[in-house]
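K.L.:
This is what each chain is made of:
Number of protein chains: 2
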Amino acid sequence: MRLGFIPNAFAILFDKIKDNIMIKITSKDNSLVKHITKLNKSAKYRRECEEFAAEGVRICIDALNSGAKISSLIVCEDILDKYSDVIERIKAVADNSYVFSKTLFREISETKSPQGIVCVIKPLDKHSLFDKMECNGKFIALDNIQDPSNMGTILRTAEAVGIDGVILSSDCCDIYSPKVVRGSMGAVFRLPYIIKDSISDFILEHKNITSYASVVDADAEKITHIGFECPCVVVIGNEGNGLKQSTIDVCNKKITIPMNGRAESLNASVAAAIIIWEMVK
Amino acid sequence: MRLGFIPNAFAILFDKIKDNIMIKITSKDNSLVKHITKLNKSAKYRRECEEFAAEGVRICIDALNSGAKISSLIVCEDILDKYSDVIERIKAVADNSYVFSKTLFREISETKSPQGIVCVIKPLDKHSLFDKMECNGKFIALDNIQDPSNMGTILRTAEAVGIDGVILSSDCCDIYSPKVVRGSMGAVFRLPYIIKDSISDFILEHKNITSYASVVDADAEKITHIGFECPCVVVIGNEGNGLKQSTIDVCNKKITIPMNGRAESLNASVAAAIIIWEMVK
Chain A
815 MRLGFIPNAF
825 AILFDKIKDN
835 IMIKITSKDN
845 SLVKHITKLN
855 KSAKYRRECE
865 EFAAEGVRIC
875 IDALNSGAKI
885 SSLIVCEDIL
895 DKYSDVIERI
905 KAVADNSYVF
915 SKTLFREISE
925 TKSPQGIVCV
935 IKPLDKHSLF
945 DKMECNGKFI
955 ALDNIQDPSN
965 MGTILRTAEA
975 VGIDGVILSS
985 DCCDIYSPKV
995 VRGSMGAVFR
1005 LPYIIKDSIS
1015 DFILEHKNIT
1025 SYASVVDADA
1035 EKITHIGFEC
1045 PCVVVIGNEG
1055 NGLKQSTIDV
1065 CNKKITIPMN
1075 GRAESLNASV
1085 AAAIIIWEMV
1095 K
Chain B
815 MRLGFIPNAF
825 AILFDKIKDN
835 IMIKITSKDN
845 SLVKHITKLN
855 KSAKYRRECE
865 EFAAEGVRIC
875 IDALNSGAKI
885 SSLIVCEDIL
895 DKYSDVIERI
905 KAVADNSYVF
915 SKTLFREISE
925 TKSPQGIVCV
935 IKPLDKHSLF
945 DKMECNGKFI
955 ALDNIQDPSN
965 MGTILRTAEA
975 VGIDGVILSS
985 DCCDIYSPKV
995 VRGSMGAVFR
1005 LPYIIKDSIS
1015 DFILEHKNIT
1025 SYASVVDADA
1035 EKITHIGFEC
1045 PCVVVIGNEG
1055 NGLKQSTIDV
1065 CNKKITIPMN
1075 GRAESLNASV
1085 AAAIIIWEMV
1095 K
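Chains as they are written, first to last, in the numbering used here: chain A, 815 to 1095; chain B, 815 to 1095.
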């Protein structure tokens, strides 16, 4: 018992030191405030900085648990007690930690009722993870998906049902936009993904992976008639215009959702969910 | 040819008369402005008036084509030419038609970029339609669904894949709230539905219909192992809390979505879509 006491004493001392280095910020002109506002707004800026902001208790815990590098933790002064456990855990790994006044926190928040916690995160490089799975996985490829809410929901569904990885075309909306990060419920931290200039490039470079172009076309093969054996990739197209012809042309097969009702009326993330479900069930 | 001329002349004259009876409104204090604003905001008021407002070109055409009774057509002055065909068709059946100034139209609009057309609609009574199908249909029952966007998407999906009808518990959000009407892409006009005080009541009154309670429970039967023969009903519960125990208790079977990934993470409308898909595919 006596032995246990010394590390505890050190821990308490260490906590005090760390408490001291939670820097309090109150000015709107602070460069961190401007940095986060810009991270929230601009995909270009996120790419330049190789950072993004994630807001909310659950999403920040997801970031922590995924091993992502947290460069800044920002906490609103009024939740220091409420979420003290979470704050302590994140503070222990974050490069820097800051306390914002309530008014200032509202400046960087993207939500109507802020939970009072934001992390600035450097995304993990998942390329090597992705490369390892290529011979034996089930993948989805998103070709020019534009709506961040759709992308968030698709990533969340893909992770939930057990898709191994995602390929994004570079003309998709940014995977680290606040809406995608929130809508994915943290799947952006866990799901292996790569970004390619075009999905056709990926397909042509990976001829061992059977590729399926999902289309709205009664003559295409029904998703219910396909085995989806590994390795395979299903390509999902833009919400309004569907898949590019150049992508369809390089795929091994065209597939479609057979319908009794008004098939054309499924929304993009529901259509994707049904296809993903058929791939892995 | 000569014979054709006379009706044409009448048609032109009739159009002129109708044009004249498109009443121009410019004052915020007009009772119609207040009526529509209240219809958009209050489910209680919608129930009292037995009316709701639908906004947008496509949704108003859907209302027209479904045969719903349109009590008022409201058009923004700047789209009179752009959508003249649609306006003429709706004006021909609407009890009253109005032209609003641009500023005033913004008062009644629920969207950031208004398309400039709103219909005030009396819903069709679909009870008789529903009763006829009871012996031979596939139904979904929504128990305490709270998010209008979820309900809209679920109704849209149900119609798209060919569900025959929907039972709503009276503690669901209102089916005629603007978000449900928009999110359903007009399915609210076409899909037969009834509202019951509780879903258990419906199940107990319809013992000929096999009832399935959808739950997150590894011991429940997998949706992939069920034939879903007619007549059947699948009950879908609240987004956060799932199904009420009292509803589960009266159902014939508990069913669940089997998952390889993080099952608990599916969003409500995606989980519903997968279940509905398995029912009818």
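Be a bit skeptical, because a hint or two may be false.
Identical copies carry no separate label here, and so any pair may be met within one copy or between two of them.
[Claimed, not checked] In silico DSSO-like cross-links for lysine-lysine, where the CA-CA straight-line distance does not exceed 30 angstroms:
# : residue 1 : residue 2
1 : Lys-1058  : Lys-940
2 : Lys-1068  : Lys-1036
3 : Lys-916   : Lys-946
4 : Lys-852   : Lys-1067
5 : Lys-848   : Lys-926
6 : Lys-1095  : Lys-1068
7 : Lys-946   : Lys-855
8 : Lys-1036  : Lys-896
Read the hints as simulated data drawn from the structure, not as lab findings. If you're wondering where the values come from, they're calculated on a predicted model, not measured in any experiment.
K.L.:
Quick one: which hint numbers does this structure break? Sort them smallest to largest.
P.N.:
Hints 3, 4, 7, 8 contradicted; others consistent.
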